[in-house]
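Engineer: Quick note, the sequence shown lines up with residues 0 to 60 if you use numbering that gives the first Met the number 0.
A few of these clues could be false.
As the list claims (entries may be wrong) - Calculated pairs, DSS-like style, for lysine-lysine (alpha carbon to alpha carbon, straight line, at most 25 Å):
#  : residue 1 : residue 2
1  : Lys28     : Lys47
2  : Lys55     : Lys37
3  : Lys57     : Lys47
4  : Lys55     : Lys28
5  : Lys9      : Lys28
6  : Lys57     : Lys28
7  : Lys9      : Lys55
8  : Lys18     : Lys35
9  : Lys35     : Lys55
10 : Lys47     : Lys37
11 : Lys35     : Lys47
12 : Lys55     : Lys18
13 : Lys37     : Lys18
14 : Lys18     : Lys28
15 : Lys18     : Lys47
16 : Lys57     : Lys9
Unchecked claim - Pair ranges (Cβ atoms, derived):
#  : residue 1 : residue 2 : range
17 : Ser41     : Leu3      : 15 to 21 Å
18 : Leu7      : Leu46     : 16 to 22 Å
19 : Asn6      : Leu46     : 15 to 21 Å
20 : Glu38     : Lys9      : 20 to 26 Å
21 : Glu38     : Tyr59     : 27 to 33 Å
22 : Glu39     : Tyr59     : 17 to 23 Å
23 : Ser16     : Leu53     : 19 to 25 Å
24 : Glu8      : Glu38     : 19 to 25 Å
25 : Met0      : Ile48     : 15 to 21 Å
26 : Leu46     : Phe15     : 14 to 20 Å
27 : Ser41     : Asn6      : 16 to 22 Å
Simulated from the structure, these hints should not be mistaken for lab results.
Positions of the beta carbon are idealized from the N, C-alpha and C atoms, including for glycine.
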Amino acid sequence: MIHLASNLEKSSIGLFSEKDIIFWETFNKDYVLLNKTKEELSTYDILKIINEVLLKLKRYL
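Start from the sequences and build out the full structure, keeping to the hints where you can.
Structural biologist: Shown next, in the form of structure tokens:
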């Protein structure tokens, strides 16, 4: 889906590690960078990621 959005020049929010940006770079370059694997994420980390995504989504509404 993110490839479609980027090719159609639609805004999107990518959630990936910094090293993966080169593979998944998007049209608007709006990312939430994850610095841990899924197994390493604590509840606090997950809540922080959710909050960051919600803040970014507010800009698009």
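Engineer: Each hint: holds or not?
Structural biologist: For each hint, the structure was consulted:
1. This hinted pair checks out: lysine 28 and lysine 47 have alpha carbons roughly 20 Å apart, not beyond 25 Å.
2. A distance of roughly 21 Å separates the Cα atoms of lysine 55 and lysine 37; the hinted pair therefore holds under the 25 Å criterion.
3. The suggested pairing of lysine 57 with lysine 47 holds, with an alpha-carbon distance near 16 Å, which does not exceed 25 Å.
4. Our distance criterion of 25 Å between C-alpha atoms is met by lysine 55 and lysine 28, whose separation comes to about 12 Å.
5. The straight-line distance between the Cα atoms of lysine 9 and lysine 28 is roughly 11 Å, inside the 25 Å bound, and the hint therefore holds.
6. With a C-alpha separation of about 16 Å, the suggested pairing of lysine 57 with lysine 28 holds against the 25 Å cut-off.
7. For the suggested pair lysine 9 and lysine 55, the alpha carbons sit about 15 Å apart, so the restraint of at most 25 Å is met.
8. Using a Cα cut-off of 25 Å, the hinted pair lysine 18 and lysine 35 holds, with the two alpha carbons roughly 12 Å apart.
9. A C-alpha spacing of about 20 Å is found between lysine 35 and lysine 55, which places the hinted pair at or below 25 Å, so the restraint holds.
10. Taking the CA atoms of lysine 47 and lysine 37, the gap is near 14 Å; set against the 25 Å cutoff, the hint holds.
11. Between lysine 35 and lysine 47 the alpha-carbon distance is near 13 Å, which keeps this suggested pair within the 25 Å criterion.
12. About 21 Å separates the Cα atoms of lysine 55 and lysine 18, which keeps this hinted pair within 25 Å; it holds.
13. This hinted pair checks out: lysine 37 and lysine 18 have alpha carbons roughly 15 Å apart, not beyond 25 Å.
14. Straight-line distance between C-alpha atoms of lysine 18 and lysine 28 comes to about 14 Å, which keeps the hinted pair within the 25 Å bound.
15. With a C-alpha separation of about 20 Å, the suggested pairing of lysine 18 with lysine 47 holds against the 25 Å cut-off.
16. Using a Cα cut-off of 25 Å, the hinted pair lysine 57 and lysine 9 holds, with the two alpha carbons roughly 16 Å apart.
17. For the hinted restraint 15 to 21 Å between serine 41 and leucine 3, the CB-CB distance of approximately 33 Å leaves it violated.
18. Checking the proposed 16 to 22 Å range against leucine 7 and leucine 46 shows it is violated: the Cβ atoms sit about 32 Å from each other.
19. Restraint check, asparagine 6 to leucine 46: a C-beta distance of roughly 32 Å breaks the suggested window 15 to 21 Å.
20. The given range of 20 to 26 Å is broken by glutamate 38 and lysine 9, whose C-beta atoms sit roughly 32 Å from each other.
21. With their beta carbons about 30 Å apart, glutamate 38 and tyrosine 59 fall inside the hinted range of 27 to 33 Å.
22. Remark: the range hint 17 to 23 Å for glutamate 39 to tyrosine 59 is contradicted by a beta-carbon distance near 29 Å.
23. Distance hint for serine 16 and leucine 53: a CB-CB separation of about 20 Å, consistent with the stated range 19 to 25 Å.
24. The hinted range of 19 to 25 Å is not satisfied by glutamate 8 and glutamate 38, whose Cβ atoms lie roughly 35 Å apart.
25. Remark: the range hint 15 to 21 Å for methionine 0 to isoleucine 48 is upheld by a beta-carbon distance near 19 Å.
26. For leucine 46 and phenylalanine 15, the hinted distance range of 14 to 20 Å is satisfied, since their beta carbons lie about 19 Å from each other.
27. For the pair serine 41 and asparagine 6, the supplied restraint of 16 to 22 Å is violated, since their beta-carbon distance comes to about 35 Å.
Of the hints listed earlier, those the structure fails to meet are numbers 17, 18, 19, 20, 22, 24 and 27, in rising order.
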